[in-house]
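With the hints as constraints, model all of the structure from the sequences given.
Take a look at the letters that make up each chain.
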Amino acid sequence: MKYRNLIIEDPRELMFGIAPKPVTTRRGLVIGGGQVYAELNFTLPMMSINTNTLGEVYAHYREIAEGALERAVHLNSKGVVLEFETLLEMTKTPDIGVEIVKIMNDICERYYQTHGLKSEIRLTPNDLREFERPAKQRSSFYLEPMMELFERGMVAGGDLLSIESTGGKEVSDDALMMCDLKGVMFALSVLGVRDMQFLWRKIVSLANQHGKIAAGDSACGFANTAMVLAEKKYIPKVFAALVRVISVVRSIVAMEEGAVGPDKDCGYEGPFLKAITGIPISMEGKTAACAHLSPIGNIASACADLWSNESVQNIKLLSGMAPTAYFRTTRIRRPTDE
Amino acid sequence: MNEALRLGKMQCKVLQQLLVGSDVYTDPQALILSPENVIRISRELIKGDSYVANARNGAMVALDIIEEAWQSGQMHLSDMETAYLPIFREDLNCIPDNEGDFIEMMLPFLDPGKFILSEYGL
Chain X
1 MKYRNLIIED
11 PRELMFGIAP
21 KPVTTRRGLV
31 IGGGQVYAEL
41 NFTLPMMSIN
51 TNTLGEVYAH
61 YREIAEGALE
71 RAVHLNSKGV
81 VLEFETLLEM
91 TKTPDIGVEI
101 VKIMNDICER
111 YYQTHGLKSE
121 IRLTPNDLRE
131 FERPAKQRSS
141 FYLEPMMELF
151 ERGMVAGGDL
161 LSIESTGGKE
171 VSDDALMMCD
181 LKGVMFALSV
191 LGVRDMQFLW
201 RKIVSLANQH
211 GKIAAGDSAC
221 GFANTAMVLA
231 EKKYIPKVFA
241 ALVRVISVVR
251 SIVAMEEGAV
261 GPDKDCGYEG
271 PFLKAITGIP
281 ISMEGKTAAC
291 AHLSPIGNIA
301 SACADLWSNE
311 SVQNIKLLSG
321 MAPTAYFRTT
331 RIRRPTDE
Chain H
1 MNEALRLGKM
11 QCKVLQQLLV
21 GSDVYTDPQA
31 LILSPENVIR
41 ISRELIKGDS
51 YVANARNGAM
61 VALDIIEEAW
71 QSGQMHLSDM
81 ETAYLPIFRE
91 DLNCIPDNEG
101 DFIEMMLPFL
111 DPGKFILSEY
121 GL
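As given, the protein sequences belong to chains X and H, one line each in that order. Per our numbering, the very first residue in the first sequence carries number 1; after that it's consecutive. Per our numbering, the very first residue in the second sequence carries number 1; after that it's consecutive.
What the hints contain is simulated information worked out from the structure, not anything from laboratory work. Wrong hints could be hidden among the right ones.
As the list claims (entries may be wrong) - Subject to a maximum C-alpha distance of 16 angstroms in a straight line, what follows is the list of computed EDC-like cross-link-like pairs (lysine to aspartate or glutamate):
| hint | chain 1 | residue 1 | chain 2 | residue 2 |
| --- | --- | --- | --- | --- |
| 1 | X | 78 | X | 109 |
| 2 | X | 202 | X | 132 |
| 3 | H | 47 | X | 9 |
| 4 | X | 2 | X | 257 |
| 5 | X | 182 | H | 104 |
| 6 | X | 182 | H | 99 |
| 7 | H | 114 | X | 257 |
| 8 | H | 9 | X | 109 |
Set out below in structure tokens:
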């Protein structure tokens with residue numbers, strides 16, 4: 001284990017917008033360097049993804065990126081992160097994921113060149129291994145498309161690399177339902193840790209090879225599952241809180257292997273990672289209500305460096321398309337300050 | 001938040017207190033995320049010699065924090081929640097420091113058809 005001391009010892013120093021180890025992106029966005037930036041998370045409306053609909057799929061992502069960045073310029077924002085959380089088909093067939101990264105990166109670059117807007121893409125492929133049971137964490141044929149999307153996607157412009165990896169989930173799913181704390185402990189601190197070491201060694205190696213940023217992992221499939229089950233009163237909230245704390249020893253392995261942040265928005269273990277390692281973190285709270293309900297609407301932002309919204313479908317609301325509208329809810333800075 | 005950052009430390013502190021204060025006692029999951037509690041728990045998460053020990057130590061102090069807030073009357077917990085407090089404490093108390101010992105302790109209780117140990121390097 002790498003970390004023996006806290007980078008942030010004083011709770012007063014665990015502050016939003018300021019991280020001891022800020023991350024500077026390719027276009028010059030300094031995350032954790034004294035500002036809180038928006039991270040926009042989005043997805044397709046309900047639709048199939050197949051060869052007949054690919055044109056429509058690409059058009060949605062083009063519309064999302066264009067709409068968000070146009071709005072960012074209107075609001076005088078200096079920067080934004082677009083999180084591209086792939087849908088299954090986009091990781092299973094990396095060509096699709098890579099094409100979407102290219103489409104969005106072209107738009108990011110155009111807004112950077114014409115308006116000076118610093119935007120970056122966080123690329124988050126799916127962990128396909130969870131679709132095999134029992135999972136073959138190290139020998140699954142699913143590893144190949146996952147790693148292919150990571151590598152080709154980062155070359156195409158996905159500068160921040162993340163995943164919601166699922167090592168140990170085959171044990172934790174039952175343990176969560178049974179309130180089996182020892183089972184959760186085994187899933188996260190034994191299986192999860194070992195899988196994180198295996199997976200993040202590969203991701204960090206690829207990121208270093210291509211000069212990209214290995215950002216971080218989220219224990220979403222574990223601790224957020226517990227949070228949602230507790231919200232529905234299937235399990236105690238106390239249990240969900242303990243699962244969150246236990247998940248820290250699993251998620252911190254990404255940093256031990258060389259990830260530098262910003263940690264992923266749905267990883268509510270982020271504040272612990274920031275205190276222990278000094279990395280910047282992305283967080284979501286009330287702005288994630290489009291995807292899931294939670295009891296941590298405001299406190300989640302107390303030490304956030306990116307403020308995010310969770311996946312919102314590209315559907316039309318009264319004000320405009322939902323991702324564009326959500327950009328407004330995650331954006332924090334007043335135009336008059338800029 | 002950026003307006004507070006522009007104005008200075010005092011404004012950041014006040015805003016953070018408001019963000020924390022609005023949620024902190026509404027739910028144990030919010031309670032553990034207050035900066036004070038994050039630091040208190042994080043100290044426990046790094047002091048052991050194994051990931052298992054660190055996870056157990058962190059969860060134990062989180063449980064302490066939740067019980068303190070409940071017993072002081074600051075946070076309400078339903079009877080269903082409080083009934084589990086001693087159960088979770090007992091569960092945590094029986095987890096050993098050593099990963100190998102923990103694996104040996106757990107294997108008889110886990111369904112071997114659910115996961116493949118060798119896929120985790122075990």
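Q: Output the numbers, in ascending order, of every earlier hint that fails for this structure.
A: Going through the list in order, the structure violates hints 2, 7 and 8 and respects the others.
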